[in-house]
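So the sequence lines, in the order shown, correspond to chains F and H.
Those letters in the first sequence? Residues 138 to 446, per this note's numbering, in order.
Those letters in the second sequence? Residues 8 to 319, per this note's numbering, in order.
These are computed hints drawn from the structure, not numbers from a lab.
Owing to the predicted nature of the structure, the values given are computational and were not obtained by experimental measurement.
Hints should not be assumed to be uniformly reliable.
Covered stretches of chain F (in silico footprint by chain H; criterion: 3 or more residues with CB under 8 Å from a CB of chain H, positions within the stretch not fixed) [as the list claims (entries may be wrong)]:
1. 200 to 210
2. 218 to 230
3. 307 to 319
4. 328 to 337
Derived BS3-like pairs (lysine-lysine); straight-line CA-CA distance at most 25 Å [claimed, not checked]:
5. H:152 - F:376
6. F:446 - H:89
7. F:164 - F:246
8. F:390 - H:152
9. H:187 - F:373
10. H:152 - F:446
11. H:89 - F:396
Far from chain F, some chain H residues (derived; all Cβ distances over 12 Å) [said to hold, decoys possible]:
12. 28
13. 99
14. 103
15. 119
16. 149
17. 163
18. 187
19. 208
20. 242
21. 265
22. 288
23. 296
24. 302
Cβ atoms here follow ideal geometry from the backbone N, Cα and C, with glycine treated the same way.
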Amino acid sequence: MTLKRIAAVVILAAMLTMGMMSVAGAKTYNVVLVLKNFVNPVWLDMQRGGEAAAKELGINIKTLAPLKADNNEEQVKAIEDAIIQKVDAIVVVPSDSNGIIPAIEKANKAGIPVINVNTKANGGKCETFVAVENYDAAFMVAEAMGAKLNGKGTVIVLEGVPGAQSAIDLDAGTKAALKKYPGIEIVASQTAKFQRAEAMKVMENLLQRFPNVSAVLAANDEMALGAVEAIDAIGKTGKILVSGLDANADAVKAIAAGKMTISCDKRSYQQGYEGVKAAVKFLNGEKLPARVVIQTNVVDSSNIANYVK
Amino acid sequence: MRLAAQILKYSRLLIIAALFVGLTLASPVFLTGSNLINVVRQTALLAVLGFAMTLVILVGGIDLSIGSVLALSSCLAASYLKEPSTIVIGTIICLGVASACGFLNGLMVAKIKLPPFIATYGMSWMTRGLALVFMGGNIVYGFPKTFRFLGAGYMLGVPTPIWVMTIAFTVLYVVLHMTKIGRNVYATGANKEAAFLSGVKTDRVVIGLYTMAGFLVGLGALMYISRLNAAEPGIGESFALEAIAATLIGGTPFTGGEGGISRTLTGAFILTLLSNGMNLLGVSSLWQSAVFGSVIIFAIMLERISKKLGND
Numbered sequence: 138m139t140l141k142r143i144a145a146v147v148i149l150a151a152m153l154t155m156g157m158m159s160v161a162g163a164k165t166y167n168v169v170l171v172l173k174n175f176v177n178p179v180w181l182d183m184q185r186g187g188e189a190a191a192k193e194l195g196i197n198i199k200t201l202a203p204l205k206a207d208n209n210e211e212q213v214k215a216i217e218d219a220i221i222q223k224v225d226a227i228v229v230v231p232s233d234s235n236g237i238i239p240a241i242e243k244a245n246k247a248g249i250p251v252i253n254v255n256t257k258a259n260g261g262k263c264e265t266f267v268a269v270e271n272y273d274a275a276f277m278v279a280e281a282m283g284a285k286l287n288g289k290g291t292v293i294v295l296e297g298v299p300g301a302q303s304a305i306d307l308d309a310g311t312k313a314a315l316k317k318y319p320g321i322e323i324v325a326s327q328t329a330k331f332q333r334a335e336a337m338k339v340m341e342n343l344l345q346r347f348p349n350v351s352a353v354l355a356a357n358d359e360m361a362l363g364a365v366e367a368i369d370a371i372g373k374t375g376k377i378l379v380s381g382l383d384a385n386a387d388a389v390k391a392i393a394a395g396k397m398t399i400s401c402d403k404r405s406y407q408q409g410y411e412g413v414k415a416a417v418k419f420l421n422g423e424k425l426p427a428r429v430v431i432q433t434n435v436v437d438s439s440n441i442a443n444y445v446k
Numbered sequence: 008m009r010l011a012a013q014i015l016k017y018s019r020l021l022i023i024a025a026l027f028v029g030l031t032l033a034s035p036v037f038l039t040g041s042n043l044i045n046v047v048r049q050t051a052l053l054a055v056l057g058f059a060m061t062l063v064i065l066v067g068g069i070d071l072s073i074g075s076v077l078a079l080s081s082c083l084a085a086s087y088l089k090e091p092s093t094i095v096i097g098t099i100i101c102l103g104v105a106s107a108c109g110f111l112n113g114l115m116v117a118k119i120k121l122p123p124f125i126a127t128y129g130m131s132w133m134t135r136g137l138a139l140v141f142m143g144g145n146i147v148y149g150f151p152k153t154f155r156f157l158g159a160g161y162m163l164g165v166p167t168p169i170w171v172m173t174i175a176f177t178v179l180y181v182v183l184h185m186t187k188i189g190r191n192v193y194a195t196g197a198n199k200e201a202a203f204l205s206g207v208k209t210d211r212v213v214i215g216l217y218t219m220a221g222f223l224v225g226l227g228a229l230m231y232i233s234r235l236n237a238a239e240p241g242i243g244e245s246f247a248l249e250a251i252a253a254t255l256i257g258g259t260p261f262t263g264g265e266g267g268i269s270r271t272l273t274g275a276f277i278l279t280l281l282s283n284g285m286n287l288l289g290v291s292s293l294w295q296s297a298v299f300g301s302v303i304i305f306a307i308m309l310e311r312i313s314k315k316l317g318n319d
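One chain only, chain F, in its complex shape (with noise of 0.2 Å):
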């Protein structure tokens, strides 16, 4: 009897620990990738990169969005569930870089690890930050497009959303490379919100005033995409120069149909892949830096066609 029941222990015993090591051998971690909406195509590119990490590495991965864009509502909702569901790290693209804390800050109580990419949180505790330089992105552009235009000429710039910090960083990082040519004037920047639609109206608008301007530079391609259309439908295509970043599938086409002259390819496959890497990363134990800089590159007709699909 006692035999029995010793060998049934040991039996138990042998299972509980290979069923363990068996576990911790083949243990796949779960991460979620919060993103700030799935209507834009950089996201999308973001997303892409992330599974591609996830599948690469073994991991499990799961992306999440807001339903209405950029709701920052919706997000912290994203993550408190994430943590209740024990997830064992967080990759989060905050819509806003304020109201992302307190969620961030309940993953730290958790004990769960964050990881930030691309749109800085300003607290909480992350433990890397993947992202590009938005200042030095606009900068590069901005540079481009004072050189085509030999340094002299008007411009408008367009602005992203009032008070948002990519749009803060855009907006300095274009101004301060159009500094560097004095021959150029800015005669108007106005917000158009990083929207198509809008900038499409505000680019109308403008034009009554300088029909003759010689370049919009616009911190986003959607934006820069609107300014096409108002441009095109008074016909001066390819005589106003219009910049934007990202390098979307839309600004690709533009730019080799020589409706747009310049975008910046802000790389989001990448942002999202280094993300997810990082993450994991971290959970097998390696130390990360504190800031993980994705270089952008600046796309005109002279390499379009890399990017052509």
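Chain F is already provided as a structure; the job is to place chain H on it using the hints.
This is chain H only, laid out in the frame that chain F set:
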């Protein structure tokens, strides 16, 4: 007092006159033919969506689904509109989907007796979600010339959207003010039970109005994507609020039974003049929405004061 009431009755025209004088003095470009045509062209879409909103507000309702239905109908139709040979099918899909959404709104409000705010709010989430699912994050870009005529073309030297707005306005105006249907609409809006007891099929009126509003949203969807040269599931998030603003600034109250589309046309025009003016003057981005908000409140305050004076 009576004089003051009379003046305030035309307060909106006074606002427009004031904006015209002010902007003409402030900007040399404002009072030019091309800028004025530009302003009217930009008014067209907001006016058509404002008409849709006004129709349902006339019977004490509201339609919060305008922007999302616009997104869904344009996304479902976009791939057909992209091919010159299937433009007609695309147009039918766009108008049909939007009308069907409007019809469903009407059914929920009239038959299931859901509060309009809730019925159309639900519809707005549903249609936005379906649009996101259908597009899977893609954007349809680059429509053929034949389709772009609607939003970006000209007819007899006048931009097509202005023609569309004028036709929509004329048809709605005639129906609302010169036919029995129109009388039934106003009767239903003023007092639904009294109208029902005197033989008006009020449910049909309500369902008809929501469906018509849907149709106008479909028309707006065609105008919008043809002008923008792209269709994406995220468009029009602010349209419902802008359409409400145009209706209210125009002077159609939420209570129903009074007001009309000619007022909404003025409301839409005021809003568009404002944004054109602020762009021309280079008003800082940060100030623009504050200015919009104060004008909305100011216009509605004038409305209230004129009513009070009129009653005294």
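Okay, the hints, checked on the actual structure:
Chain H is given as covering the segment 200 to 210 of chain F, and this holds because 3 residues of the stretch bring a CB closer than 8 Å to a CB of that chain, at least three being needed. Closer than 8 Å: that is the beta-carbon criterion, and the segment 218 to 230 of chain F has 0 residues meeting it against chain H, so the requirement of 3 is violated. For the segment 307 to 319 of chain F, the assignment as covered by chain H is violated, since 0 residues bring a beta-carbon within under 8 Å of that chain's beta-carbons and 3 are needed. With 4 residues having a beta carbon nearer than 8 Å to a beta carbon of chain H, the segment 328 to 337 of chain F meets the requirement of three or more and the stated coverage holds.
A hinted pair counts as satisfied when its Cα atoms are at most 25 Å apart, and residue 152 of chain H with residue 376 of chain F qualifies at roughly 21 Å. Taking the CA atoms of residue 446 of chain F and residue 89 of chain H, the gap is about 19 Å. The hint holds against a cut of 25 Å. Of the pairs offered as hints, the one joining residue 164 of chain F and residue 246 of chain F holds, with about 23 Å between alpha carbons and a cut-off of 25 Å not exceeded. Simply put, residue 390 of chain F and residue 152 of chain H have alpha-carbon atoms about 17 Å apart, close enough for the 25 Å limit, and the pair holds.
Of the pairs offered as hints, the one joining residue 187 of chain H and residue 373 of chain F is violated, with about 50 Å between alpha carbons and a cut-off of 25 Å exceeded. Using a Cα cut-off of 25 Å, the hinted pair residue 152 of chain H and residue 446 of chain F holds, with the two alpha carbons roughly 24 Å apart. For the given pair, residue 89 of chain H sits about 19 Å from residue 396 of chain F by alpha-carbon distance, which is consistent with the 25 Å threshold. A cut-off of 12 Å between C-beta atoms confirms that residue 28 of chain H is not in contact with chain F; the least separation is 18 Å.
At roughly 24 Å from the closest C-beta of chain F, the C-beta of residue 99 of chain H stays outside 12 Å, upholding its exclusion from the interface. No Cβ of chain F approaches the Cβ of residue 103 of chain H within 12 Å, the least distance being about 24 Å, so the stated non-interface status holds. Annotated as non-interface, residue 119 of chain H keeps its C-beta farther than 12 Å from every C-beta of chain F; the closest such distance is 24 Å. At roughly 7 Å from the closest C-beta of chain F, the C-beta of residue 149 of chain H falls inside 12 Å, breaking its exclusion from the interface.
Even its closest Cβ contact with chain F, about 18 Å, leaves residue 163 of chain H beyond 12 Å, as expected for a residue assigned away from the interface. In this structure residue 187 of chain H is separated from chain F by more than 12 Å, as the shortest Cβ-Cβ distance comes to about 39 Å. Under the 12 Å C-beta cut-off, the non-interface status given to residue 208 of chain H relative to chain F holds; the minimum distance is some 37 Å. For residue 242 of chain H, the condition that its CB be more than 12 Å from all CB atoms of chain F is violated, with the nearest at approximately 7 Å.
Listed as outside the interface, residue 265 of chain H is consistent with that label: its C-beta sits roughly 31 Å from the nearest C-beta of chain F, beyond the 12 Å cut-off. Consistency note on residue 288 of chain H: stated as away from chain F, yet its beta-carbon is not over 12 Å from all of that chain's, at 9 Å minimum. Its beta-carbon lying about 8 Å from the closest one in chain F, residue 296 of chain H breaks the requirement of being farther than 12 Å from that chain. Non-interface status of residue 302 of chain H relative to chain F is upheld: no Cβ of that chain comes within 12 Å, the nearest being about 17 Å off.
Violated hints, in rising order: 2, 3, 9, 16, 20, 22, 23; the structure is consistent with all others.
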